[in-house]
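Peer 1: The chain contents come next:
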Amino acid sequence: MDILISSIVAGLLIGMILALVSLGLTIIFGVMDIVNFAHGEFLMLGMYTTLFTAQATGIDPLLTLPLAALVGFALGVACYYGFIRFLLRGPMVAQLLGTFGLMLLLRNLALLLFGSEDRALHHGLLVGKSFELGMGVIIPATKLAAAGLSIVTFAAVWLLMNRTRIGKALTATSLNAQGARYMGIPTSRMNALAWGIGGGSVTLAGGLLVNFWSVNPFVGLLFTMIAFTIVALGGFGSVPGAFFAALVVGLITEIPGFWDFVTYTFDIGWMSDVPMTSFKYTWVYLAYFVIMVVRPRGLFGWKH
Amino acid sequence: MAIALLEIEDIWVRYAGMPVIQGLSLAVEGGETVCVVGANGAGKSTLLRAVMGKQPPYKGKVRFAGREIQRLSTEEIVHLGIVYVPEEKMLFGPLSVEENLRLGAYILKDPQRIEQNLDFVYSLFPRLQERRRQPASTLSGGEQQMVAIGRGLMSNPRILMLDEPSLGLAPILVDEVLDTVRKLKEEGMTILLVEQNVREALELADRGYVLQTGRIMAEGSGQELLASDMFRKAFLGM
Ligand SMILES: Nc1ncnc2c1ncn2[C@@H]1O[C@H](COP(=O)(O)OP(=O)(O)O)[C@@H](O)[C@H]1O
Ligand SMILES: [Mg+2]
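Protein chains in written order, with our numbering: chain A, 263 to 566; chain B, 476 to 713.
Just chain B, same shape as in the assembly (with noise of 0.2 Å):
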């Protein structure tokens, strides 16, 4: 098998001791579109906030490319290419939709290299060209989920890690949504998804993790995790 793009070895995080990751490990190779779905509060955030230094696990290793990033700054691991999009989006509300947007190519040197992606991002959402002068805070709920993920590629990331992005949305933007994350994964985009939508996430993975109260209860491709009765009885409810 080649070397993950992004492994996680064995991490456990706690907050203020109470623990909520214990001993999870999970890989994503590079050009993989991955799924992680679980209850509320199994830990699904916490994981990924592991990933970006903000939660930093007390024991376990987080690799990208190779290298053990588990104590980095949140600051040193952005600049290696992992770009987070939270679930509270925490756009720049008072800011223009195109200035957020180029906040979000802060690491980026190379000022024609933004310009293209700000391009790539405008022909990805044409809505946001539409709006591109507004304040952020005042998009619908699913336009600044368009910015967050928008914002997100500015920096041209290695890997894309999105954290319910169609949380709180109409069902016809959630497919949007969704049918934008399968865009960049036919682009050949690595991505990390974790959704609440399991049928339609599982779908469009290439493989998926079930997550557990901090433990990875099954994994395998999306469509075996949907066949697998375990799976459908948790999930599903048949």
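Chain A extracted, bound-state conformation (with noise of 0.2 Å):
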């Protein structure tokens, strides 16, 4: 029984960090139908960050959150103004390529900058620590920190896009951005924003995440391939959806965690020779084609 709660509230906090690793992504898609191939790279760039920064300085890793998205928010938007803006102008493989090469360019750069070596944080407040929630289930504080702020960051971006002037503006020009300009609204500021929005917050899920995973120059692929399915599920351009379809996701990544559960619940002998822990994200791409093929427009999808 353990073992199924303990696998249902893991699942649940990494979906919820999930949640704010796929913001960006689905916001940067919904405002100017553009697809961040670097969209894992923003992540680990801001796992570096908080990672050099706090070893350098030797204050706590969450205090050094505020500057990981800040980095992000002048790197997105860097990278619209430098680059994507002269993408719009072109066909839609033009787009596709050119994100991905921006990928390739900063991954290569943190491999010639950082080395391919693995780094992990091993100080700080949370690190190392852990809650009990009782019947034997252990939270990592750094988890659940991490969850926490989490939801606080995806919050207050929903609360800006929502309530705010700046926040309607950027909702109507990922609406209809033809529209939006006949309302005088600045359409290209709006996506400059929107990239420097989603540039920051997964840059705070990046420090957030470094907490408890190590970072290398590759680790953004898997975080790419998740925030896709994530959105894919989601609807793409979709905010709440990116939310609830990141804690399903949450969910899928502890299938390995549940197939114990049924294993030695009803003691099915030929279950627990399937090492499962190997095919953790197997799930989870093959949740993306079975999306693609069934769903293509997510679960919640309300553009287009």
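Hints listed in this document are in silico derivations from the structure and should not be mistaken for laboratory results.
One should not assume that every hint holds.
Calculated Cβ distances over 10 Å to all of chain B for the following chain A residues [as the list claims (entries may be wrong)]: (1) 367; (2) 420; (3) 444; (4) 447; (5) 541.
Pulled a few chain A residues facing chain B out of the computed Cβ check, cut under 7 Å [said to hold, decoys possible]: (6) 434; (7) 437; (8) 438; (9) 439; (10) 441; (11) 443; (12) 445; (13) 448.
Which residues of chain B face chain A? A partial, calculated answer using Cβ under 8 Å [claimed, not checked]: (14) 487; (15) 491; (16) 527; (17) 547; (18) 549; (19) 561.
All values derive from a computational prediction rather than experimental measurement.
For glycine and all other residues, C-beta sits at the position ideal for the given N, C-alpha and C.
Assemble the dimeric complex from its two separately framed chains, guided by the hints.
Peer 2: Now the structure itself:
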């Protein structure tokens, strides 16, 4: 029983973090119909930012989060004005290949600057600590804090988009860019803002993740794929959709835990021979394919 | 003659090299309601898009209150007080009626003014007030047109350009929309109206232009145009 509860709790916690990981991808897609293949690389840079700042200054990694967010925001805005803006004039293929190139560039820059080795945080207020939830369920403190801060950030961005004048303008741009232009909304600046929020929220997520996940220049790919799955499931461009889809995907990554639960509860011999944990992310990718075939608009699609 | 509020002087517009507007001139004075009529594909929408900087003319001038605007961006043009209600309406479908209207006032900073304008739009279209919390996409075609016009009014435009506001509406709704235009005209609004309902539109307009393959073929007061032989043959089938 405790395996089941542990798996559900772990799945939901990681799901909340994944919600913040995928938020920027869905916002950027929503506002300008661009799929950002470099999304995971932004996350990687957020992880490095927090790691290096915490190590260099000795302050707690959690306190470096504003810096991680700022780096992502600035990088996002710079990418838009320096690069993406020009791609928008080209065909869809140019945009796909363009952000793909951005991914390769950022990844190889990281390789050049930081080397290929895995790096992990060993110090920090919460690193290595955990809570006991009762019934044998133990939650690492870093995951709990990361999940909590993810939700807070996600909610803050949602409020920004739905309750403020600039957020409404951003939403209008995503719904009908030409219509927004006819209202006098500066849509190019809105695109830049989308890249800023998109970049800043995912580097912040990286800063949270690095508390319990080691970083190397290739860590982005996994998260790009997971974020794609979430955004596809939640409906491309939908913010609330991304949140619920992330919880679903979080639970999917815990399939090995559910497998163990069934194996031991019902004592099914052959099930214990299957090396389920090796297939942890296979289920996520499988879910992606199933969604694309069965319901390409996602579960909560609202755009188009 | 007074300086026109909007003055279009010999503009040429093309899509991918194909000429659509060919040396068109037109003027709208402050407080006037001017109507442009013409067959499908004559270039009426393109004319309005050229004014808005969406499809800028490659030759010729557009002046607003004496200032050349043909090189300005859409955003700058809107800030000058030119508002365009496109024939496609371009509503923000999932947003509520009121959110759509408030986005129309994006360029205004004064919250009090925005509330006043909202009250004005609701007094003009009481049905929108009833449906203010409903997503715009769930409204009927006529109601959506009201949202589009209302949204255009929200920024206190100095000129309102309406592109076929009665397009696709049932006859009773066509009358309703044109009645609204008449009301706005009586309030002193400057209006540039593009319409397919030629007779009704020219009856309410101060002046009219007939557009054919990107050129002005005739102009005059509404009554003059309705009475002219050429016009009656081309549009009224008489
Ligand atoms: N985006 C576009 N690209 C290419 N051609 C266009 C475009 N929009 C309109 N046209 C062409 O320009 C001409 C005028 O169109 P339009 O201004 O929409 O006419 P109207 O509003 O009078 O019906 C038509 O021949 C139309 O096919
Ligand atoms: Mg038209």
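Peer 1: Identify every previously stated hint that the structure contradicts and give their numbers, smallest first.
Peer 2: When the structure is compared with the hints, numbers 3, 4, 9, 14, 15, 17 turn out to be violated.
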